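Novice: Protein sequence lines correspond, in order, to chains U, R, S and L. Under the numbering used here, the first sequence has 453 at position 453, and the numbering climbs by one with no breaks. Under the numbering used here, the second sequence has 229 at position 229, and the numbering climbs by one with no breaks. Under the numbering used here, the third sequence has 65 at position 65, and the numbering climbs by one with no breaks. Under the numbering used here, the fourth sequence has 143 at position 143, and the numbering climbs by one with no breaks.
Since no wrong hints were added, every one of them can be taken at face value.
Simulated crosslink set (DSBU-like; lysine-lysine; CA at most 35 Å straight-line):
no., chain 1, residue 1, chain 2, residue 2
1, L, Lys103, U, Lys601
2, L, Lys40, L, Lys99
3, U, Lys65, U, Lys490
4, R, Lys520, R, Lys501
5, U, Lys213, R, Lys521
6, U, Lys579, R, Lys469
7, U, Lys65, R, Lys521
8, U, Lys564, U, Lys579
9, U, Lys213, R, Lys524
10, R, Lys304, U, Lys213
11, R, Lys399, U, Lys564
12, U, Lys371, U, Lys444
13, U, Lys162, U, Lys444
14, R, Lys469, U, Lys564
15, R, Lys399, U, Lys29
16, L, Lys103, L, Lys40
17, R, Lys399, U, Lys162
18, R, Lys70, R, Lys304
19, U, Lys579, R, Lys304
Rather than coming from a laboratory, the hints here were simulated on the basis of the structure. These numbers were taken from a predicted model, which means no experiment stands behind them.
Letter by letter, the chains look like this.
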Amino acid sequence: MENLIGLLVAVPLLGAALLLCGGRRLDGKGHYIGTVLAAASFAIGAVLFADMLGRGEHDRALHSKVFSWIPVGGFRADVAFQLDQLSMTFVLLITGVGTLIHIYSIGYMEHDERRRRFFGYLNLFLAAMLLLVLADNYLLLYVGWEGVGLASYLLIGFWQHKPSAATAAKKAFIVNRVGDVGLSIAIMLMFTTFGTFAFAPVLSNAGDAGEGKVTAIGLMLLLAACGKSAQVPLQSWLGDAMEGPTPVSALIHAATMVTAGVYLITRSGAIFNAAPDAQAAVVAVGAVTLLFGAIVGCAKDDIKKALAGSTMSQIGYMILAAGLGPIGYVFAIMHLVTHGFFKAGLFLGAGSVMHAMNDEVDMRKYGGLRKYMPVTFVTFGLGYLAIIGFPGLSGFWSKDKIIEAAFAKGGTEGWILGGAALLGAAITAYYMTRVMLLTFFGEKRWVPDEEGHEPHPHESPSSMTIPMIVLAVGSVFAGGLFSLNDAFLKWLEPVTGHSHGDSPLSAAAVTGGTMVVLLIGVALAWAQYGRRPVPRTAPRGSLLTRAARRDLLQDDFNHVALVKPGQYLTRGLVYVDHKLVDGVVNGTAASVGGLSGRLRKLQNGYARTYAVSMFGGTAVLIAATLLMRAV
Amino acid sequence: MSFPLLTATALVPALGAVATAAVPAAQRAAAKWVALGFSLVTLALAAVVLVRFDPGGAHFQLTESHPWIKDFGVRYELGVDGIAVALIALTAVLIPFIILAGWHDADPLEGARPNRRWRPTQGFFALILMVEAMVVISFEATDVFLFYIFFEAMLIPMYFLIGGFGDRAGGRSEEETATQRSYAAVKFLLYNLAGGLIMLAAVVGLYAVTADQLGTGTFSLQEIVQARTGGHLDMATSTERLLFLGFFFAFAVKAPLWPLHTWLPNAMGESTAPVAVLITAVVDKVGTFAMLRFCLQLFPEASKWATPAILILALISIIYGALLAIGQRDIKRLIAYASISHFGFIILGIFAMTTQGQGGATLYMVNHGVSTAALMLVAGFLITRRGSRLIADYGGVQKVAPVLAGTFLIGGLATLSLPGLAPFISEFLVLVGTFSRYPVFGVIATVGIVLAALYVLILYQRTMTGPVKDEVRSMPDLRVRELVVVAPLIALLIFLGVYPKPLADIVNPAVDHTMSVVDKKDPKPDHPVTDAGWFSYSPKSEGASHGGAQHEGAHHNGAHHDGASGGAK
Amino acid sequence: MNPVNYLYLAALLFTIGAAGVVIRRNAIVLFMCVELMLNACNLAFVTFSRLHGNLDGQIIAFFTMVVAAAEVVVGLAIIVTIFRSRHSASVDDASLMKL
Amino acid sequence: MSGGALAAAASTTSTGEALQFWVLGTVAVIGALCTILMRKAVHSALCLAGTMIVLAVFYLANGAYFLGVVQIVVYTGAIMMLFLFVVMLVGVTAADSLKETLKGQRWLAALCGLGFGILLCAGIGNASLTTWNGLGQANSGGNVEGLASLIFTKYVFAFEITGALLITAAVGAMVLTHRERTERARTQREQSEARVRSGRNVPPLPAPGVYARHNAVDIPGLLPDGTPSDLTVNATLRGRGQIRDVSSEALAELAALEQRSQRWLGRKGNGTGKPSGGAGKPGASENGENGEDGESAGSAPNPRGVAK
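Start from the sequences, fold in the hints, and give me the full structure.
Specialist: Here it is in structure tokens:
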């Protein structure tokens, strides 16, 4: 069994190698190879899952050491995998959703001549992501961590001929790098504190390493999580990342990669448990981001950007939950999984809409699509209900629990967080309803694209609809299934631990509140976009709206605070290097040259002058010798 | 007296240089093949060295020692430790690729007047082999004087390589290019000569000191180290510091360390890509190598004394080099500044005085050599295609020449030390090593990671992505020869990134030895964890004394159930 | 009288010769002055050989003469060549050593 | 005791030698000074020869019989002759002014010379050579034999090398003085054509010497107005500035010619003696003036000297 774990990573990696090095001769069947290999890794995952279920709840974890990676002095890093319930959850999510999206891409990328490479990148991503969740030490996790970053870079910039795509890809990678700095510093701290950075020893000793150090580690891990999961303040890349093909947005920027931060925090639970301050920071980040993302989501007219905002906000929920400590870990992961289903479904739906509307992304130019693409409409609708937390659907179960947990944090803090979570739920309902209405209801607001083709929407091919259907099913039932006598809780508890906080409000009260705010949000959206017709061009809108359209000025801030100064700095330094550092050297050379020029005058070429100098020289020599003898 | 393997390793390329130069002017192709052949023989010999070297064995192995200049106690003394072996291997591996990559760089221009005496091609490859010979022997020399001679002699062929075979793709007028080139060559020569002369003074001083204290003056590294450990030799603090500075200055120029770096961008910018690789990947390594071998082992106390200053300079190099790389408009100069940043890391690692730092620095030397070679050579291919070094002249190459772009990207990712590729390991080791002794410096150095990403990706974005420029529209993709050059390097990068253990095993003992000479110990972790192998961690075990959990783990070493459950109850 | 006086004389002659080399412009005279210096040396050698009572000094003087002969031959040849090219025997005219 | 007598360290020399030293030494110094102070190379050469002869005597006095002879034969015989030869070649009358052209050269020279001499003398002075052992023993077997035995045993290599040196010198001299023809010699026809083409003095140059009575190639011909024309004088002489200014003399000659022709016209008949006498007077007068002319020509500053 242990060896299968390694295989889990190796299979998609092999796919990536094949497809990227295979050359043109694989163009014809590249996508099938990629899909099959993804499915194969899913199958392996399933086998392992079955095996794991077959064992007792406390000895479910598997471990396989492949080889010793970096042995230098006390610094030992192994390439070793650990498969426990938490990793298992992710493995299934990643390979499952991944496979679906591979299938979807076969249809979606049909007309792209670089489809083979696209599937290669997708497989590369799967491999890296699996490595991330299967690693048994932080350094190996770091490899996966950057690996998914690379895959994301390649996929966002997949249409590199578009400068916007290239820029977005670069931005994503660099912002992630900032987060990675956090992770690497965290690892260094672990090494200097514990002399190791493998999960088990670090976590089991986190308790008594001294709060200061643990807090530092926690904060650094949080920084890493912010980078990868697009949390404030490192959130700015996610919106631009939508430049990538829609399947990418679905797989990487909704379902799996962006949730790596949640995984990291949950995995490092012991550290955060030991560092309340770090936890507080996590919670704050989560709360802020969930509102931030929601607000941005309300203002965007680009359907994908709107969904991106929502992703941000949903991950905010997860981070919030993870920050709550043992109360929240399980629910964070649970929401992560359900979110993986419905958000992926939503993105695929959006993709199929764009596919139908010849790649128009502005929702204001959609409208009334429900009768043209029923399957998309239904699946998208189910995803919509799930995300706003319609009772009974996945979102309901997971999000509700998070809000409860937030209140259960207790004290004013609990109230603030709970309030934020509730508010977030309301806004979520609002913007998702907005998306729904703008896209599928109302009258047609279609416009011909630049070639002048009237869009004639049609249902997408089955290769695209089937995954959507599957995901829709998932987003309907997953939550319920998990919550069936707390199956998911029991499943994860051994790894993450769990504790029931004492909520000031009863579960029923929270649920009721959620329902209320949900209805308010939907009603508002309906009032604004359902009843009256929607203008094709967005109205100027309030100050907040305009700010939100610009992602609440995050880019402007970065530009002013970082980019500009950086540019000035580099320009200045180039000048300094040329004029100052180099100038000093050249100056010395010049002065020497000048001096020698002066001395050259002595060499007037008259033999007799030289003779005199020799004459005098000998005289001096004699004098010297005489003096020496005299002394 | 066994077969003098090390001498042979250095001698073969030297002979190759002679043979190549002797090829009649007419057969240019023959000259190339001769050069390639000799470089491959050298590679084979280096491989033999690698095999014969026993990591567990004595510190210096395969030693040879003959008196050379008796009056001054100068000996022809060779010997390799793990670090030297690694670097010799690197050199021997890179040279064939450099030769292959420069296959057409020294062909006479079409317009050139056919002159029966004129033989640039022969000269080019002969000089490269000459450089290889000198580099190899300076890696092998354990006699300071012997080392010094070749350390300096290296400059001569390098000077001609830079000044004589410039980059034809200057995008400038002929004489402008010529002046720039000679400026670069002279700058290179003067900088390094200045360093070398100061070192010469220090070498003489060292002789004086040893002669003064040991009776007979010696240049032999082993003897001096033994005498020092044996207590027969203790230099006056001031003397030691002066000598140290003398040595360090030369190595810092060669390395190059800020602010002695300005020769590198010119040299790398003006010379052809293979020569640029030769400079940064092979020759400059001698500088960092010598810091590790001579500065630290001859003057441990002074090294410790100078450490803070040097670390700060290294930090400046890292950040400064990266920032300037971002600001460059010329591809090759950009790579040059990136190298400056990387050398900052290497020096940081060396003087962090930790096992991780120095081991990492050594691995860094090797990895940086390979990665820069990959990136620079691909850049060279790109430049020869378009005939311009300005980033602004490119765009959308990725669409026309995907393989070229791909290899370029991989080279770039290696340069920004992406995990999974070789440089990541070394860089991380250096960072950890630094952090564990000087946390602040470690944190500052990590900024370099972000900046690296910035300059590499900006370069890639501006050249490879975006709409295709008309000038590059007809650009051919990599040819077979070029693939043969790049592919193995990339393979090596990946292999060393995934499985660096063999290299690390060779290097570690040497590093430990250096550490013991400097008598520094790695700082101990504050809460050391008895390494209990893997055990299923479960948060519940926090309630119980974690010691128990550890103990459980300890005796279920590597097993994966009972320990966990025991810990869990 | 002490033969050392010969040495004083030699020194005097040598100095005069040297001064001549320095102040005269005519190459030929220059050479004569050189000859004068050589002769002064010879005188010194001979005197020394007398003082020490062995003939080595004379031998050296003898060799000096031979060398002087050779030097004169070549030197005069040079002068003639120079004169041929620039119609002057003045050493100041051959001042091309400066840039 | 006989050998001992020879080997005995003496402390003084015979008064005869002392006398000879003081007299001839003065001569030698004067000769040397003249060598460097004479304006004409020839005079310098002669003075130098004198000095050398004096030195030869000193050699003999110091018991270096062989060297003394060689000094006279080789130096004053061969080398000085060589000098004079070259002097003649370069121009016997060419005298260079002693006007110093290099700034401060003379002062420096004087300073150095003075210091040098003083230092040398000081050096000799504190060498404290009071006693010496003469060459009696060394020369007992005969000076030449002694030298020979040394040259051919102890100094044989030096001797051989000197031989080589001499040969090299001989070859070198030849090589130096041998003029390599870089281009084909122009034939007479070409030369004449060139001259005609250039258009400058197409006819042969006017002959020098106003009067054919003596072979005065350095006397320029007179133009009709009585002014001398340099063109009539050989280019080399012109180059050396060795042109005799004859204008005044020429006018006198003209006057003489006038009245002589009057006489001729006056009475014919016994004109045989007269011309000779007439020929004698101007000849004598010319001889008389010849010297001062030389002086005047010499005193005329050397154009090259000024040019510098």
